[in-house]
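Heads up: the protein sequence lines correspond to chains A and B, in order. First residue of the first sequence: 1, per my numbering; consecutive thereafter. First residue of the second sequence: 1001, per my numbering; consecutive thereafter.
No lab work stands behind these hints, which were simulated from the structure alone. Misleading hints may appear alongside valid ones.
[Stated by the list, open to error] 20 Å max Cα-Cα, derived SDA-like pairs, lysine to any residue:
| # | chain 1 | residue 1 | chain 2 | residue 2 |
| --- | --- | --- | --- | --- |
| 1 | B | K1189 | A | K627 |
| 2 | B | K1172 | A | E26 |
| 3 | A | K627 | A | E226 |
[Stated by the list, open to error] Computed spacing ranges between beta-carbons, pair by pair:
| # | chain 1 | residue 1 | chain 2 | residue 2 | range |
| --- | --- | --- | --- | --- | --- |
| 4 | A | K122 | B | Q1160 | 22 to 28 Å |
| 5 | A | K45 | B | S1142 | 22 to 28 Å |
| 6 | A | S61 | B | K1172 | 51 to 57 Å |
| 7 | B | K1172 | A | A79 | 42 to 48 Å |
[As the list claims (entries may be wrong)] Which residues of chain B face chain A? A few of them, derived with a C-beta cut under 10 Å, are:
| # | residue |
| --- | --- |
| 8 | R1041 |
| 9 | G1043 |
| 10 | T1053 |
| 11 | S1123 |
| 12 | H1139 |
| 13 | S1142 |
| 14 | S1153 |
| 15 | Q1159 |
| 16 | D1161 |
| 17 | R1164 |
| 18 | L1169 |
| 19 | G1170 |
| 20 | Y1177 |
| 21 | R1186 |
| 22 | Q1188 |
Beta carbons are placed, not taken as given, at the ideal position from N, Cα and C, and that holds for glycine.
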Amino acid sequence: MNNQQKCPPTEHLQALIAGTLAVDDETAVAAHLANCDACQSQIEKIAAPAGFQADVAHWLSDSTDHSDLLSKIIANAEADIHESSRELTMGQPTVSVTGNSLEDSVLSGDSCQKRGYADVEKWLEVDDHPAAVGRLGQFRLTEFIGRGGMGTVFKADDLKLQREVAVKILSPELAANDEACERFLREARAIAALNHDNIVTIHAVGEDAALPYFVMEYVHGHSLQEHLDRRGQLRDSETIRIARHVAKGLAAAHAKGIIHRDIKPANILIQKDSKRAKLTDFGLARAGGDGSLTSAGMLVGTPAFLSPEALEEKEIDERSDLFSLGVTFYRAVTGKLPFEGPTPFATMQRVAKTEFTPPHELVPDVSAELCDIINSLLQRDPNQRIESADKLVGWLKCIRSEAAEHADQELPVILVETSSQIAGDVVAKHSQADARRPLIALASLFVCSLLVYVIFFRDSPSTSKEQGIETAQNASSTHNIDSPSVPEEVPADSEPTRMAATERLLIAEINTQDFGNRKSKGLEVDLPDGGVREPTPPVGTAGPIAGVSSATKASPVSTITPKPIAVTSKPYVVIAEDNGSQSEFDSLRDAILAASSGSTVEIQESGRHTIRRPISLHNIALTVAAKEGVLPTIVADLEDSEEPLIRTDSDLSLRGLVVAAEGDELEEDVDGAQVGALIHVREAMLKCSECRFTAREGSPIAVLENSRSATWIDCELYSVHGVAIHWQPATDGYLVVEQCVVVSRIFVSSPRLPHSANVILTTNAIANDFTFENRDEVIDQSNLAGNKPPRMRLTVDRNLILSNDSLINIEVDEAIPVAELAAGFQWQGNGNTLPVTFLFQNATDDEENSNLEIEGLSDWIKLPSVSEVGSITAESLESLVTESDYDVLLNTPQAFSRIVGALIKARRLPVADLSVEQTLVNAGPGN
Amino acid sequence: MSAHVTTRLSLLLRIRDSANAEAWTRFVQIYAPVIHRFGIRRGLQDADAADLTQDVLRAVSHSIEKFEYDPETGKFRCWLLTIARYTLCRMHQLRSRQPTASGDSAVQKILEASPAHDPDLISWDNEYTRRTFELAAEHVRSQVEEVTWLAFSKTAIEQQDPARVADELGIKVGTVYVSKSRVLARLQKAVSEIERI
């Protein structure tokens, strides 16, 4: 190998660059390079393509440093990204009892929960202790407990007093608001003044730290909600005990003029050792006489537990709490909610309008008194309810049963003696405890019956007195065993996911005409034949025999009105349209496939209904609906099939269903993500109301081909990373989306643009965009030339738009002159929360992109300004949104609900707006 | 005690795996300065430009699920520019508290400017490229010895005479050439990697 004279071969130069040349050779070649022009340019060519060096020189010659601010932004963003992805990979999803895993992990936000205190964390002082989350004055915060009311709750160590406490910190975004702070601290002080065994004690109120906070006793134990999640339902005795505790606590609060306003199982803590129940999270409480109630559409509370008067936003008083208590007890006793719908809005309507299933129909041997109490609490008219928490305590005391009690027995001595006398006389075969229970209860009932009569029946004038007398007083029945004999599916399954949805706050203007006097059907109480319940399956207890017992036959109080227990028919009923004849099925798929055109398939039971093979319908118009009061979840478990769950070419209507897909993401179709949809309707009408859809990951919820009309009312649409609705309109087709929550994209693809079709979006919460796509390669110029060029009519009205980029995306395959393209859209928008913008995009990779942006109409809603804490005024709404701080909007249920509520309330929208339907009907089918 | 808002698509859900986190970090590193410079060029002060950057980043992060971040297609970059412009527009509007200008004048202006002559778009693309190179340079610089880097930058960027540079740095002339070529090669690789992420 030569050095000075001969140029080294290319390979050597390459190796030199790569550093793989031997050292001696390196030196030699380097020395050669110093003098050889040819090699100098040669090596440059090898190092990088021609022109690169020039580029480098060009781009790097005048680079400036980043400003400090910019560097900080970059650093923050990077930190955020890594923190999120780290948590995602390391975090464990919250254990859910059962439930649709897809929904749980995606929607119930357990990842959200993990970060649930991230915003607060920033404000905490640092604490070196490895386990600590942070420090607040003398409190070392050790564990995130949850987010409730207006703040975040942590477990903490009080370093001064050396004890465990719980600390609730006001949410940072609310802390900036003086009124919110004021209210937060006021809550704390009000509760601190209460000091009752059945209310979580408040030790101290802190204004000295970055954020306002207060310190409470830390209750070792679980909330009633957690107990219910785990066990489904409780024994009567337990419910009664808890009810008594809560009622006492509530009575104490009411006595001081404090209304809780958010009573629900999650806010009732049960102390592990003493089994004492304590009310907590008065975070929405208000000391009465504090001024007017919510306004600007601010509903506080959880829809399923709210009283009708609270939902109507009338004046509420303590009796509203009693209603919520009734819902809680109902839930505890039966394992289900009395009012529930697939969407929060539907739930609210049910509270307002429907009759709940009496507890004894769900749990045949529930204590009759408990039933009565629950019925009384759940009266729609507050005047018909138990008057006060005090009265409730009294009532509950009458029906306590022995098994649940601990030291705080207050049963009058005389009764115990009486019953023990009787006990000996009666069925000796029964175990002592079993025998005594019903008899004590019976005896005490006898004593109390008069009281009961007076209280209860006086308050329910609609009940005939005869009926009252005839009401059988049955023995308080109890479960004999600890484990619940609850069919696993029913409550636990959909509970967590349903709770997640129903706990979201929403507003509606409810049609108040229809409240009426709800007659509680529970007044005719069964006397089950058995005095004591048989455990199922029998676990070898020396229990009584079910079905027959002589113990209570000689009931001195009443005549027995036996009532047949509800016959469980098959879960799926097909009702034919013409003659109303009904047929029953065991399988949902069978039911659907057997239905004749025009029929309705009615699902009778809540819980999961799995369909494992796709359904294809031809010329069968169909309605699939949930029975009134029932919330079924249809699970599409189709594995790798790309077929939609339901494919049809005729009209389809869905009502009151939760539909969710399970399974992994499917491989994307060549044409785009149209596989694995839940619904596929071709050339027919689709109507969905009060449904909640969760699509398979990456797949759409509905594909609507050549669609004449598609209507979605009061639905929730979630498609993770995908399209919610893929709508291909027929000429003059209609797409109506109203009062829905749309998280994913709505995709409108038409064979040509402009195209005559109509899109109507009204009062929705939309987190994503609408994309219009033209798939043809040729623009139909003839259309544009005519006098009346076809138009895509877009009406976007009073929506809460949460996506920050353009709401309407129009993508075309060719560079159409934008002016012409814009002329193909007729736009009408009103009262949306963000300026609705259009984005015209040319989908080619051509350099000559014709992207442009046209600002649509934007209206800020002129909201009434109010003095309530945390209410929305035109200015505050503006600032909330313009700060682009969507974390506030999307993470804070209160803020979210306020905005939605403000929107709807400002326009005083009636619940069922028939005008849209009327328009559709009048428009007729397109031709 | 918690009441989750189920409609939120949190950032957590959108960053689906760590590879994507890498990509998005890269995205921030490339585009944050680009957006910032866009703001400056449009007359904003540093603080305002910083705000703009923040807003745009957030806006984009909310749309993550729509895009696999794919910088190769001009589509993404253009879309980002639109976001930046729009955000800038809104900033102006809100600061001046004036009612929304009717679409007409804005549309008019945009209609008249064809893409080939759109100054924003041109400089936007330029800034993007510049930023890519800068990032590559930072990366490569951290991987080679300082003297190697200096040899490269003085000759390739500052166009100084290699002999002089050799003297200045106390190395042989041949080494200067070798250094330059090596760094060039690394740079080229880095740039194409960044563009591909």
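These are the hints, each one checked on the structure:
1. B:K1189 x A:K627: The hint is violated at about 64 Å.
2. B:K1172 x A:E26: With Cα atoms ~12 Å apart, K1172 (chain B) and E26 (chain A) stay inside 20 Å; holds.
3. A:K627 x A:E226: Not OK: K627 (chain A) and E226 (chain A) at ~28 Å, beyond 20 Å, violated.
4. A:K122 x B:Q1160: 22 to 28 Å: violated, 49 Å
5. A:K45 x B:S1142: 22 to 28 Å: holds, 26 Å
6. A:S61 x B:K1172: 51 to 57 Å: Once the Cβ atoms are compared, 26 Å apart, the range 51 to 57 Å for K1172 (chain B) and S61 (chain A) is violated.
7. B:K1172 x A:A79: 42 to 48 Å: At 44 Å between Cβs, range holds.
8. R1041: With Cβ-Cβ at 13 Å, over 10 Å, it is violated.
9. G1043: violated, 16 Å
10. T1053: holds, 5 Å
11. S1123: violated, 13 Å
12. H1139: Given a least distance of 13 Å, the restraint on H1139 (chain B) is violated.
13. S1142: With a minimum Cβ separation of about 15 Å from chain A (threshold 10 Å), the hint on S1142 (chain B) is violated.
14. S1153: holds, 8 Å
15. Q1159: holds, 7 Å
16. D1161: violated, 13 Å
17. R1164: Violated - the Cβ of R1164 (chain B) stays beyond 10 Å from chain A, reaching only about 13 Å at its closest.
18. L1169: violated, 14 Å
19. G1170: violated, 15 Å
20. Y1177: Where the cut-off is 10 Å and the nearest Cβ of chain A is about 4 Å from Y1177 (chain B), the hint holds.
21. R1186: Constraint on R1186 (chain B) satisfied, holds at 9 Å.
22. Q1188: holds, 4 Å
In the structure shown, a violation is registered for the earlier hints numbered 1, 3, 4, 6, 8, 9, 11, 12, 13, 16, 17, 18, 19, in ascending order.
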